[in-house]
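Protein chains: 2
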Amino acid sequence: MKFSNEELIQKVPAHDLRAVARLITLSENRSARAREVQSKLFEKTGRAHIIGVTGSPGAGKSTLVDQLASNYIKLGKKVGIVAVDPTSPFTGGAVLGDRVRMSNAAELDGVFIRSMATRGALGGLSRATSDAIQIMDAAGFDVVIVETVGVGQAEVDIVRTADTCFVVLVPGMGDGVQAIKAGILEIADVFVINKADREGADALHKDIRVLLGLGDHDQEAWMPPIVKTVATKAEGIGELIEAGNSHREWLTTSGRGAERRLMMMKEHIIKTAHDILGEKIILDHGKELEKSAKDCIERKVDPFSVAQKLLD
Amino acid sequence: MKFSNEELIQKVPAHDLRAVARLITLSENRSARAREVQSKLFEKTGRAHIIGVTGSPGAGKSTLVDQLASNYIKLGKKVGIVAVDPTSPFTGGAVLGDRVRMSNAAELDGVFIRSMATRGALGGLSRATSDAIQIMDAAGFDVVIVETVGVGQAEVDIVRTADTCFVVLVPGMGDGVQAIKAGILEIADVFVINKADREGADALHKDIRVLLGLGDHDQEAWMPPIVKTVATKAEGIGELIEAGNSHREWLTTSGRGAERRLMMMKEHIIKTAHDILGEKIILDHGKELEKSAKDCIERKVDPFSVAQKLLD
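Chains as they are written, first to last, in my numbering: chain A, 1 to 312; chain B, 1 to 312.
No lab work stands behind these hints, which were simulated from the structure alone. Among the clues, some could well be false.
For chains that are exact copies, the list does not tell them apart, and a pair is met inside one copy or across any two.
[Claimed, not checked] Straight-line C-alpha distance at most 27 Å; calculated DSSO-like pairs for lysine-lysine:
#1 K40 x K294
#2 K233 x K300
#3 K309 x K280
#4 K300 x K78
#5 K44 x K233
#6 K74 x K206
#7 K291 x K280
#8 K280 x K206
#9 K74 x K309
For clarity, every value in this text was computed on a predicted model and none was experimentally measured.
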């Protein structure tokens with residue numbers, strides 16, 4: 001299916017899912033067209049509730065996200081899912097993961113799933129993901145769920161750009177400790193204890209409460225609720241959705257949502273500037289970069305001076 | 001201990017560890033002084049063997065790295081360790097992790113350990129880590145071991161800048177699959193099966209061989225060896241060091257080392273340019289950024305146009 005720029009600008013906000021898919025692909029491929037269309041569509045964004053879901057591997061995030069999607073649909077919402085999957089190009093794992101996922105949520109009308117695999121170094125994954133979120137937002141999805149597979153710094157950075165972050169833990173996996181290690185504790189707006197029918201759910205609940213008590217909390221701060229779910233049995237999903245809604249309401253009434261969006265927008269602008277600059281260097285100054293890098297390796301010059309010169 | 005720039009430029013290459021520690025701290029704090037000193041010291045770099053160590057949480061990486069360090073010292077090498085620990089500022093986990101580590105390797109003469117915690121968003125961790133490696137390299141360390149705690153994209157990006165990457169797996173944790181998921185398979189130059197006295201070590205060995213067989217390998221490519229270790233009993237460490245040395249030799253003889261260093265240097269230059277640009281925007285155009293971000297939130301303008309304008 002081919003779309004002209006004008007068609008994309010018209011069809012994406014009209015929730016034409018083929019146009020949405022096409023624009024995300026164009027944007028992933030860093031097409032200049034995509035940028036033009038996205039700039040035009042930007043005014044349509046800012047309406048969706050962006051929910052980030054992260055947690056340790058094996059915590060059941062995919063199942064939970066599928067259940068969330070089904071429930072939002074029952075509530076009459078349009079739901080998009082961005083699955084961030086920094087999977088090896090070597091083994092083609094992303095494709096498999098995608099197929100496995102599609103068998104669940106994609107059967108339902110109104111769920112649109114997009115997997116983002118690693119796009120090389122230099123923050124490509126984070127940019128591609130935020131583009132996909134923005135496009136879905138412009139397309140009129142009420143809820144966009146961003147789910148990460150990894151648990152590292154890049155994944156945390158992606159999820160913290162969401163309005164509301166669900167951190168998913170499971171009992172009996174030393175998860176309390178792992179969550180701290182991965183630095184995901186302070187980004188949690190809602191804690192989810194999934195597989196809560198397993199032994200150790202109450203102990204984990206207690207651990208989280210203790211950890212939350214350690215933080216510096218002023219009176220006006222949001223205190224993350226802890227929701228128990230059994231995603232495979234669809235238990236606790238309604239409560240989780242309510243917790244997410246409460247958080248969104250708090251963002252608005254407390255004014256913290258505006259602060260958060262301003263901070264994220266500043267970061268987004270700087271990242272976009274990085275991106276433009278990186279492309280400009282590679283496209284317009286590729287030969288100079290190559291030569292300078294060789295000079296650096298021979299220690300004739302240092303990288304900081306080269307970078308400074310390229311910027312000038 | 002205070003050092004002037006001149007003292008740092010003199011004492012770091014003379015392996016004065018207090019000067020090394022000081023310069024790394026200055027560099028972490030993004031001091032302009034650090035940059036000047038590092039530019040001067042850059043010509044002293046490029047001699048150390050940079051070894052990256054990554055793998056799932058609980059794989060015993062810290063113990064393995066401590067054992068590696070002890071063994072390199074017995075071989076008369078100077079060893080530095082950079083522990084990349086994206087730990088929560090909320091719980092202060094980094095400090096604890098550091099203390100636990102120090103009890104082992106730091107007792108030995110000649111091991112210098114530095115923990116790098118998360119330095120905010122926008123790739124700060126990656127930059128701080130590569131600065132620390134460069135400073136240790138300039139200080140005459142023969143081997144610099146970079147160990148990551150997380151298993152996400154940022155950690156993978158950091159480790160792949162090393163000359164030689166050790167990927168540590170353990171039997172019976174579904175690690176084969178986790179390694180693929182985290183995208184660390186294709187960065188492995190040496191596979192380490194740690195805790196190899198556990199059940200499942202042979203099965204894991206077989207799994208890795210099968211996965212390696214799936215890749216596209218030309219005749220001249222490096223075939224990653226698989227080394228079994230029991231770090232807690234100091235078993236297999238000598239073999240692992242030999243595998244690392246073989247890989248380094250191959251990098252030189254095959255010419256792949258030069259290619260790899262060129263690619264990494266180009267990325268490093270672009271990242272440095274990003275960094276300079278980001279600081280420039282925040283320092284010199286902070287107010288404009290703030291105003292533009294607000295305009296973006298009100299959808300009066302789009303972030304791409306703002307970024308483009310800031311660049312001009």
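Worksheet item: Tell me, which hint numbers fail for this structure?
Response: The structure conflicts with hints 2, 5, 6, 8 and 9, although it agrees with all the remaining ones.
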